[in-house]
Amino acid sequence: MLTTTIAMISDTVARDRQLRYLPGLQPPYDDAVAFVLGGLLTMPRAMSLALRCATLLFLFSGVWYGGRLFSRNSPEARAAQWANWRNHPFLGSFRDFVRFYESLAMMALYSRPEAARKIA
Amino acid sequence: MNLRCQNLVIGSGPGGSVTAGLLAEHGRDVVLVEEGPGEEAGDCEPFSKDEMVLRYRNRGLNPAMGSPKIAFVEGCCLGGGSEINSGLYHRTPPEILEGWRQDYGLDGATMEDMLPHCQAVEKSLNLCYSPGPIPAASQKLKQGAEALNWSVMELPRWVAYQPGKQNLDGTPACERMGMTRTWIPRAAAAGARILTGTRILRLEHRANTWVAHAHGREAFEIQADHVFLCCGPVQTPLLLRRAGIRHNVGNTLALHPTVKVIALFDDEVNSEGAGVPFHQVKQFAPDITFGSSISSPPHMAMALTNHPNERPRIIENWKHASIYYAAVRGPATGAVRSFPFTGDPYITYETGVVALAKLARGVADLCRLLFAAGATELFPTVPDQGSYTTPDHLRRIPQALPAGSSLMSIHLFCSCPMGESRQRCAVDSWGRVFDVPGLSVHDASIFSDAPSVNPQGSVMAFAHRNTLRFLEG
Chain Y
0 MLTTTIAMIS DTVARDRQLR YLPGLQPPYD DAVAFVLGGL LTMPRAMSLA
50 LRCATLLFLF SGVWYGGRLF SRNSPEARAA QWANWRNHPF LGSFRDFVRF
100 YESLAMMALY SRPEAARKIA
Chain F
0 MNLRCQNLVI GSGPGGSVTA GLLAEHGRDV VLVEEGPGEE AGDCEPFSKD
50 EMVLRYRNRG LNPAMGSPKI AFVEGCCLGG GSEINSGLYH RTPPEILEGW
100 RQDYGLDGAT MEDMLPHCQA VEKSLNLCYS PGPIPAASQK LKQGAEALNW
150 SVMELPRWVA YQPGKQNLDG TPACERMGMT RTWIPRAAAA GARILTGTRI
200 LRLEHRANTW VAHAHGREAF EIQADHVFLC CGPVQTPLLL RRAGIRHNVG
250 NTLALHPTVK VIALFDDEVN SEGAGVPFHQ VKQFAPDITF GSSISSPPHM
300 AMALTNHPNE RPRIIENWKH ASIYYAAVRG PATGAVRSFP FTGDPYITYE
350 TGVVALAKLA RGVADLCRLL FAAGATELFP TVPDQGSYTT PDHLRRIPQA
400 LPAGSSLMSI HLFCSCPMGE SRQRCAVDSW GRVFDVPGLS VHDASIFSDA
450 PSVNPQGSVM AFAHRNTLRF LEG
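Residue numbers (numbering that gives the first Met the number 0), protein chains in the order written: chain Y, 0 to 119; chain F, 0 to 472.
Derived by calculation from the structure, the hints in this document are not laboratory data. In this text, a Cβ means the ideal position worked out from N, Cα and C, and glycines have one as well. Incorrect hints may appear among the rest.
[To be verified] Computed list of lysine to any residue pairs in SDA-like fashion (alpha-carbon distance at most 20 Å, straight line): (1) F:318 x Y:115; (2) Y:117 x F:319; (3) F:318 x Y:119; (4) F:318 x Y:17; (5) Y:117 x F:316; (6) F:318 x Y:111; (7) Y:117 x F:196; (8) F:318 x Y:27; (9) F:318 x Y:53; (10) Y:117 x F:168; (11) F:318 x Y:23; (12) Y:117 x F:89; (13) F:122 x F:408; (14) F:122 x F:89; (15) Y:117 x F:133; (16) Y:117 x F:271; (17) F:281 x F:133; (18) Y:117 x F:318; (19) F:318 x Y:113; (20) Y:117 x F:267; (21) Y:117 x F:270; (22) Y:117 x F:141; (23) Y:117 x F:122; (24) F:141 x F:112; (25) F:141 x Y:22; (26) Y:117 x Y:27; (27) Y:117 x F:467; (28) Y:117 x F:167.
[Claimed, not checked] Every beta carbon over 12 Å from chain F, so not counted as near; a handful from chain Y, in silico: (29) 23; (30) 27; (31) 48; (32) 59; (33) 61; (34) 62; (35) 63; (36) 68; (37) 70; (38) 73; (39) 86; (40) 110.
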């Protein structure tokens, strides 16, 4: 469940505003999932647990945005949910959640040789 | 596999390596323990994702909780932070040393006292200036500072330039002269035993001997007459507190909160394999320092979390973009504690309104400098700011940075401050823990206050000074 959610988060951040894939950032996302998951598992255990709980909350709150779990929603609904959490007016932890996953996924995806070739 | 030694050094970063090297060269029976990997960390590209995985503690995922939260990184490999940084060198500024003397009663650490130790460290590190062209991002910083008549300096680095070899941007290629190339081989050659992949879980004082409960491939004990804690400003206070030593330990963590600005230029300032920028603007030192950092596409993508919609455009033009930073001297308002049950570190840090105001001023002045250097568009890591395309836009910068700003730090210190003031300090002027025999601290924890400069030179100089004092008896 965690792996699928991270893969779909990677898929969401790998697209531009028109939901097209950015150059070199197409699926599959095994590399990003391994990097992000590795980070989650090596960080202090209490924080890791809190983040994993937040990830489950994020997954299930997809029902509110698109009628299904985040990982099963359309790219449009996923992008809307991601943007909503990123800009949440009250909950700083939602914004932190987005920042955490987005920075790690970006680091992993733009480290791909194919991404480097596309933007060289 | 229990071990016995005269001197146990925990942590192989700059403080631990210098300490172990000097002790071993003076004939002591030394064991140097490192939690992270040794050679098995292999050769990985500097500042890459692989380096984060292999050489950073928790892959670089360390938050200091507060408002705003601050992400910080620490090395966790043989050589510690010296293996992952840019190798920029500073001596501790004389006015900072004077402040430590006045406020914390630090003895024997005037600039004159420190000079021989600084010189010894500088010689060992092959400290040098770039023999060739400077990176374009650095050139822009210099150009902007000169246009505004601000003080700017090229920093020496602890690197070995490779004659005839160039980076792809034409700057001279070099290799880091981290601890694995300098002090650790010296320690090993002098007979020090080096254990990597070994974590010290706790220390216990038993019948005039220190016992370190270690865990590598298996659990074992290391007995030592004297223990030197050199595990950095987070792990050192945790070990002390676990040993029941709490007086002024872990209560005054300081750091250099840093905010970034991504600058777009008309001309190319970035390239694959670009050299490390090594200029800093010191016009507003010690309060605020400006510099530039590694600006590869992955780092740029990470830095643009406040500008997700602009990110594709900037990444597409990454050769015209570079990352700059404003770092401020933060207050010592942090605390190092451990989570109940797990024992993992829990770090809090309150940047405070004064430092947030300094950061806001830093963003504004850095942006002025970058416009003067020819930047066409600037993206601060501050929420709700958008981009700045003219100096007029800088009026949007708030008086103090908001809580949602993306701040980071690579410089942490002061969690066990040093000096003769027992009211404020955890260790004396020579790094010895007050009233606890056989225990010293030789890392950035002992800085009395934030030094305002890259700390590794100071860590090494103080480790050199304190170890020689220890050897004198």
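Going through the hints against the structure:
no. : hint          : in the structure
1   : F:318 x Y:115 : 12 Å, holds
2   : Y:117 x F:319 : 16 Å, holds
3   : F:318 x Y:119 : 8 Å, holds
4   : F:318 x Y:17  : 24 Å, violated
5   : Y:117 x F:316 : 12 Å, holds
6   : F:318 x Y:111 : 17 Å, holds
7   : Y:117 x F:196 : 38 Å, violated
8   : F:318 x Y:27  : 27 Å, violated
9   : F:318 x Y:53  : 37 Å, violated
10  : Y:117 x F:168 : 19 Å, holds
11  : F:318 x Y:23  : 17 Å, holds
12  : Y:117 x F:89  : 39 Å, violated
13  : F:122 x F:408 : 28 Å, violated
14  : F:122 x F:89  : 14 Å, holds
15  : Y:117 x F:133 : 27 Å, violated
16  : Y:117 x F:271 : 13 Å, holds
17  : F:281 x F:133 : 18 Å, holds
18  : Y:117 x F:318 : 13 Å, holds
19  : F:318 x Y:113 : 17 Å, holds
20  : Y:117 x F:267 : 17 Å, holds
21  : Y:117 x F:270 : 14 Å, holds
22  : Y:117 x F:141 : 31 Å, violated
23  : Y:117 x F:122 : 44 Å, violated
24  : F:141 x F:112 : 33 Å, violated
25  : F:141 x Y:22  : 33 Å, violated
26  : Y:117 x Y:27  : 17 Å, holds
27  : Y:117 x F:467 : 54 Å, violated
28  : Y:117 x F:167 : 18 Å, holds
29  : 23            : 10 Å, violated
30  : 27            : 17 Å, holds
31  : 48            : 9 Å, violated
32  : 59            : 24 Å, holds
33  : 61            : 19 Å, holds
34  : 62            : 24 Å, holds
35  : 63            : 21 Å, holds
36  : 68            : 23 Å, holds
37  : 70            : 20 Å, holds
38  : 73            : 19 Å, holds
39  : 86            : 9 Å, violated
40  : 110           : 4 Å, violated
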